[in-house]
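All chains should be built: construct the whole structure from the sequences, respecting the hints.
Here the first sequence is numbered in this note's numbering, starting from 5 and rising by one per residue.
Because the hints were derived from the structure by calculation, they are not lab data. Some clues are possibly wrong.
[Claimed, not checked] In silico lysine to any residue, SDA-like type, Cα no more than 25 Å apart, as pairs:
#1 K49 with W24
#2 K194 with G160
#3 K88 with G102
#4 K55 with A26
#5 K55 with S67
#6 K88 with D52
#7 K49 with F30
#8 K55 with A92
#9 K194 with A74
#10 K16 with K194
#11 K16 with E184
#12 K49 with S61
#13 K55 with N138
#14 K88 with S61
#15 K88 with W24
#16 K194 with C206
#17 K55 with L68
#18 K194 with L8
#19 K194 with L155
#20 K16 with F30
#21 K49 with A92
#22 K49 with Q6
#23 K16 with Q6
#24 K55 with G81
#25 K55 with L155
#26 K55 with L8
#27 K88 with G123
#28 K88 with E63
#29 K88 with T28
#30 K88 with A74
#31 K16 with R154
#32 K49 with K16
#33 K55 with D71
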Amino acid sequence: MQLLEIYERLSKYYGPRDWWPADTAFEVMVGAILTQNTAWSNVVKAIDNLKAADCLSAESINSLSQDRLAQLIRPSGYYNVKAKRLQAYCRWYLERGGFDALDAMPTDAMREAILSVYGVGPETAEDIVLYAFNRPVFVIDTYTRRTFSRLGLVEGTETHEELRQYFQDSLPAESALFNEYHALIVIHAKDCCRKKPLCGQCPLAMDCDYFKGREEC
DNA sequence: ACCCAGGGTCATA
DNA sequence: TATGACCATGGG
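Structure (C-alpha cells):
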C-alpha cells in the first residue's frame with residue numbers, strides 16, 4: 005500500500021479534520037510551542053488564558069515578565085521552559101520583521117530559519133511552516149514514525165530528516181494534502197488500538213501487521 | 001496509583 | 001552519535 009492510498013483510506017473514513025485549530029497564524033505558532041509533549045486540551049487552557057489577558061501577540065508576550073507569562077501558560081505544563089521558548093520565539097519573530105517578512109522566504113530557508121530558534125525543534129518548525137505559513141513541509145512526529153513503521157513502510161530507525169524526505173519525495177508537494185494527511189495520522193493513531201480500538205473497522209487494519217493476530221483486534 | 005500527551009535542550013560517554 | 005535527565009500539567 006502506497007502513501008496516497010493510505011491517505012485516501014484515512015480521508016474517506018475520517019473526513020476533513022480542519023487543522024490547525026487556531027484563529028490566526030500567530031496563534032498556530034504559539035500553540036506549536038505549547039503543545040510540545042503535551043495534550044492539546046491543556047494547550048487550549050493556556051491559550052485561553054493568554055487571550056483573556058489580551059496577551060496573544062508577540063509584543064505582549066515579550067512585554068510580560070517571564071514569571072507572569074509562565075503563570076498564564078501554566079496548564080500546558082513545562083511552563084517555565086515554555087515561557088522562555090515563547091519569548092525567544094517572539095523576540096526572533098519581531099526582529100525578523102514578523103509574518104510578512106518571513107512569508108517572503110522560500111520554504112526550505114523558512115524551515116531552517118525557524119528551526120534555528122531556541123526551543124523550536126524539527127516537529128515544531130514543521131508545524132509552523134505548514135500550518136501557519138501554508139507551505140508544503142511534511143510534519144514528522146512520533147505518531148507518524150510509529151504508524152508507518154507498523155505498516156511496514158519504514159524501519160522506524162530513520163532520522164527525522166530521512167523520514168521527511170521519504171514522505172515529501174513520495175507525495176505531490178501540496179500544502180493542503182500535507183495539512184490533511186498529518187491531521188489524519190494523528191486522529192488515526194489516537195483512535196486505533198489505543199484508547200478506543202477500532203478493531204476490524206480500522207481503515208488501515210487489513211494491511212497493518214501490527215493488528216494481525218492481536219487479541220484486542 | 002500509574003501512564004502518557006500533537007518535544008526539545010543540555011550534560012555526559 | 002547516542003543515550004539519559006530534566007521539564008510539569010491534567011485526563012484516562
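Do the hints match the structure? See the list:
For the suggested pair K49 and W24, the alpha carbons sit about 16 Å apart, so the restraint of at most 25 Å is met. Between K194 and G160 the CA atoms are separated by roughly 19 Å; this keeps the pair inside 25 Å, and the hint holds. Among the hinted pairs, K88 with G102 is consistent with the structure: their alpha-carbon atoms are about 19 Å apart, no more than 25 Å. The suggested pairing of K55 with A26 holds, with an alpha-carbon distance near 12 Å, which does not exceed 25 Å.
For the given pair, K55 sits about 15 Å from S67 by alpha-carbon distance, which is consistent with the 25 Å threshold. Using a Cα cut-off of 25 Å, the hinted pair K88 and D52 holds, with the two alpha carbons roughly 19 Å apart. Distance check on the hinted pair: K49 and F30 sit about 17 Å apart at the alpha-carbon level, within 25 Å; holds. Taking the CA atoms of K55 and A92, the gap is about 20 Å. The hint holds against a cut of 25 Å.
A C-alpha spacing of about 29 Å is found between K194 and A74, which places the hinted pair above 25 Å, so the restraint is violated. Among the hinted pairs, K16 with K194 is consistent with the structure: their alpha-carbon atoms are about 17 Å apart, no more than 25 Å. For the proposed pair K16 and E184, the alpha carbon gap of about 12 Å is at most 25 Å, so the pair holds. With a C-alpha separation of about 17 Å, the suggested pair K49 and S61 falls inside the 25 Å cut-off, and the hint holds.
Of the supplied pair hints, the one linking K55 and N138 holds, its CA atoms being roughly 24 Å apart against a limit of 25 Å. With a CA separation close to 15 Å, the supplied pair K88 and S61 stays within the 25 Å bound. Pair hint K88 plus W24 holds up; C-alpha atoms about 23 Å apart against a cutoff of 25 Å. Restraint check for K194 and C206: the C-alpha separation of about 12 Å stays at or below 25 Å, so the hint holds.
Simply put, K55 and L68 have alpha-carbon atoms about 14 Å apart, close enough for the 25 Å limit, and the pair holds. Between K194 and L8 the alpha-carbon distance is near 21 Å, which keeps this suggested pair within the 25 Å criterion. At most 25 Å may separate the alpha-carbon atoms for a hinted pair to count; K194 and L155 meet this at roughly 16 Å. Between K16 and F30, the direct Cα distance comes to roughly 31 Å. Violation of the 25 Å bound is thereby established for this hinted pair.
Annotation: proposed proximity of K49 to A92 holds, straight-line Cα distance about 21 Å (limit 25 Å). Distance hint between K49 and Q6 is unfulfilled; the C-alpha atoms sit about 38 Å from each other, more than 25 Å. Of the supplied pair hints, the one linking K16 and Q6 holds, its CA atoms being roughly 16 Å apart against a limit of 25 Å. Of the pairs offered as hints, the one joining K55 and G81 holds, with about 18 Å between alpha carbons and a cut-off of 25 Å not exceeded.
Among the hinted pairs, K55 with L155 is inconsistent with the structure: their alpha-carbon atoms are about 41 Å apart, more than 25 Å. Our distance criterion of 25 Å between C-alpha atoms is broken by K55 and L8, whose separation comes to about 39 Å. Taking the CA atoms of K88 and G123, the gap is near 8 Å; set against the 25 Å cutoff, the hint holds. A threshold of 25 Å between alpha carbons decides the hint, and for K88 with E63 the separation of about 15 Å falls inside it, so the pair holds.
With a C-alpha separation of about 22 Å, the suggested pair K88 and T28 falls inside the 25 Å cut-off, and the hint holds. Under the criterion of a C-alpha separation no larger than 25 Å, the hint pairing K88 with A74 is consistent with the structure, at around 8 Å. With a C-alpha separation of about 21 Å, the suggested pair K16 and R154 falls inside the 25 Å cut-off, and the hint holds. Pair hint K49 plus K16 does not hold up; C-alpha atoms about 31 Å apart against a cutoff of 25 Å.
Using a Cα cut-off of 25 Å, the hinted pair K55 and D71 holds, with the two alpha carbons roughly 17 Å apart.
Checked against the numbered hints above, the structure violates hints 9, 20, 22, 25, 26 and 32; every other hint is satisfied.
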